[in-house]
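*Asks:* If you want the building blocks of each chain, they are given just below.
There are 2 protein chains.
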Amino acid sequence: MNLPALLDERRARAALSRAVEPGDEHAGRWLHRYGATGFLDRLLHTDGTSPPGTSAGDDPFPGTGHKRVASWRLRATAADPDRDLATIQDLGGRFLIPGDTEWPRQLDDLEDARPIGLWVRGPADLRTWALRSVALVGARACTPYGAHTAGDLATGLPRKGWVVVSGAAYGIDGAAHRGALAADGATVAVLACGVDSPYPRGHDQLIRRITEQGLVVGELPPDSHPTPSRFILRNRVIAALTRGTVVIEAQHRSGSLVTVRAAARLGRHTMGVPGPVTSALSAGVHELLRGEAALVTDADEIVELVGDMGQLAPTRRGPVLPRDLLAPAAAHILEAVPARGPTPTTVIARRAGTTPDETLAKLYELHSLGFVERRGEGWELTRPSASTPNVRRGGP
Amino acid sequence: MNLPALLDERRARAALSRAVEPGDEHAGRWLHRYGATGFLDRLLHTDGTSPPGTSAGDDPFPGTGHKRVASWRLRATAADPDRDLATIQDLGGRFLIPGDTEWPRQLDDLEDARPIGLWVRGPADLRTWALRSVALVGARACTPYGAHTAGDLATGLPRKGWVVVSGAAYGIDGAAHRGALAADGATVAVLACGVDSPYPRGHDQLIRRITEQGLVVGELPPDSHPTPSRFILRNRVIAALTRGTVVIEAQHRSGSLVTVRAAARLGRHTMGVPGPVTSALSAGVHELLRGEAALVTDADEIVELVGDMGQLAPTRRGPVLPRDLLAPAAAHILEAVPARGPTPTTVIARRAGTTPDETLAKLYELHSLGFVERRGEGWELTRPSASTPNVRRGGP
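Order-wise, the sequence lines are chains P and Y.
Quick note on numbering: the first sequence equals residues 1 to 396 in the working numbering.
Quick note on numbering: the second sequence equals residues 1 to 396 in the working numbering.
Keep in mind the hints are simulated off the structure, nothing from the lab.
All residues carry an ideal CB built from backbone N, CA and C; glycine is no exception.
Treat the hints with care, as some may be off.
[Stated by the list, open to error] Derived DEER-like restraints, expressed as beta-carbon distance ranges:
1. P:Asp112 to Y:Asp109: 16 to 24 Å
2. P:Ser279 to Y:Ala280: 54 to 62 Å
3. Y:Ala141 to P:Ala339: 27 to 35 Å
4. Y:Gly202 to P:Glu292: 40 to 48 Å
5. P:Ala329 to Y:Arg140: 58 to 66 Å
6. P:Ser279 to Y:His225: 39 to 47 Å
7. P:Glu292 to Y:Glu9: 15 to 23 Å
8. Y:Ala141 to P:Ile232: 39 to 47 Å
9. Y:Ala141 to P:Ser279: 19 to 27 Å
10. P:Ala327 to Y:Ala280: 40 to 48 Å
11. P:Glu292 to Y:Thr278: 23 to 31 Å
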């Protein structure tokens, strides 16, 4: 690739997202030390030429195995970030990097395992959505009980203004996304592959629908395929992005438990939905519930737990941002919300002259920011004088 | 009744158990202050005559309402403890009072609500059995899932040397007792009525079987009928008698939750078996599990919790009592256990020349005391040199 072009941070991160496997903490440390352009520069110079500040022959990445460095270098050399950035742009998506307004800052909790960047498709603002999001995860080979429960929670969470995050897999993941979509709710799919080449194939349509109505997100550049380790490392992004993770069904030693343990390490809420003790698919969940995870049985209980955060409480009482600081697209939708509500999404979309999906995405942003409230199936402006107490009955 | 006879503590308590409703803390305070004979004496003299230490006309029970005292007095006057004691003796039972060797001392934790006495039928020693007992409680109108799970736990607990205590009601209680009996296990039914007039009628046979193979216990004298408040107050005895209470199925605001809350107040372990979140009969259990109760899914997990007690740990390594301090009946059974085991209960019974039921009852006592171990379906002598570590894997 063309070296002078690497001076651009976004292009360097796009290249690194192809060179480095997700969650590689070695790479994360060098990235932290040298910055994206410096790290990539160093990587591309070590084929014999001397990178800045070293003499020829010095090990440019002391402490990191040569094999790992060789793999980074091979893939960095083959990377074509301009092509990847053009691909995501052609798809109507974007490549987010730390420092972007839309970058979800809670990912910084992953420290050296923080994604190098995020490839994103969909009309909503990832940062805003992630602020009020919950992960619903669980077994691929779930039972009808698990699928029903996932769908039920995923329908209930958006009604309370919460975004459903999952991994677009078969089973619980799919039921969660579908439940949210069916409730006209906001949902985010975090993939273990390129966002242009969704996996699994049987969820093509579902993932396309999420691209239109929600957000599809991944660390891997276009045309990347999933691998077992990528699935596992994808889970840390789901855990870090959300306020808490709910496991619905999981066998002992299931991959979903990895997500929950990651969430616990990150200080996120961990929750589990109980099931029959006779079901092997609830055994992993019960194991979690015998530890630190909280038992939840409906969306109310999830929201009671994850909603208990100082910085979000004000949104219940009114906007925290001045209206004129809103991004133009969001401000445009806000103007289309009638003074007297509740008003269905479709009516607001018609008034704004845009699509229901884009309208809904912006309404969720506006909700997160405290400008609108959801009531039943419609939306209304938050009353500035409203002081409904945010007190819920505690557990038994 | 004949006053001089009241000098006998047991007869006084038998009379009081008819005069006073279970769990009456007013009566408990007077009983504590004056002793059983003194309390009864005072009660029977206050129809105008002057009890010892008071002048005529003084209120003998200051702070206790006249209506309550009048009810005690009416029923004490009608009581015939000699007849009641003869009835229980004719049934092969006994009336236990505090101070008896067989009195389960953990009932003292109930303080002023401690039972005045316990009417008991069955071949085993209540104190010894109660030391290693767990309550399994739950809904009368349980689901097949609940009945299955109760039966399963009740089969598993005796295999680990634990006694199953329940209330002989329909539903979970019945399934628990039946499970224990089916495993040739030890089980105790705590009734809310006289032990001679079992309730419910549909459990006549079951309760008779428990009388033969286990223990049937109640606070109420012969020929007493259950009332709603007696059911509720019976639950505190179940809670106090056992090391912990497991709720298997319970709706919101169910009576079983009373037992668990009583257990928690008494510092006993409280446990719940999860079920589908779609089942109203698991909702009460899940409510508990969202509080302090521990989630358990099998007998192992129950034993792991309740077995964590210093004073019982030695029983895993060998007897704590010298063999010659054993009661003659227990010593006789111990002599019938072959040096090389395991040996089925029926073989030991034949060697001892007694019934399998009596043999089993004594074997459980001997197990509690550390003299014998259960292995598979048989019994063997505890090896004095055995030092199997009593360490179990902790929770996740």
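*Asks:* All hints are to be evaluated individually against the structure, with a verdict given for each.
*Replies:* Comparing the hints with the structure gives:
A hinted range of 16 to 24 Å for the beta carbons of Asp112 of chain P and Asp109 of chain Y is inconsistent with their spacing of about 54 Å. Roughly 19 Å separates the CB atoms of Ser279 of chain P and Ala280 of chain Y, a value that falls outside the hinted 54 to 62 Å. For Ala141 of chain Y and Ala339 of chain P, the Cβ-Cβ distance of about 52 Å falls outside the hinted range of 27 to 35 Å, so the restraint is violated. A hinted range of 40 to 48 Å for the beta carbons of Gly202 of chain Y and Glu292 of chain P is consistent with their spacing of about 44 Å.
Between Ala329 of chain P and Arg140 of chain Y, the C-beta spacing of about 59 Å keeps the proposed range 58 to 66 Å intact. The hinted window of 39 to 47 Å between Ser279 of chain P and His225 of chain Y holds, with their beta carbons roughly 42 Å apart. Between Glu292 of chain P and Glu9 of chain Y the beta carbon distance is about 51 Å. The supplied range of 15 to 23 Å is therefore violated. At roughly 45 Å, the beta-carbon separation of Ala141 of chain Y and Ile232 of chain P lies within the given 39 to 47 Å, and the hint holds.
Checked against the hint of 19 to 27 Å, the pair Ala141 of chain Y and Ser279 of chain P passes, with Cβ atoms roughly 22 Å apart. Look at Ala327 of chain P against Ala280 of chain Y: about 46 Å separates their beta carbons, and that is inside 40 to 48 Å. Look at Glu292 of chain P against Thr278 of chain Y: about 25 Å separates their beta carbons, and that is inside 23 to 31 Å.
Checked against the numbered hints listed earlier, the structure breaks hints 1, 2, 3 and 7; every other hint is satisfied.
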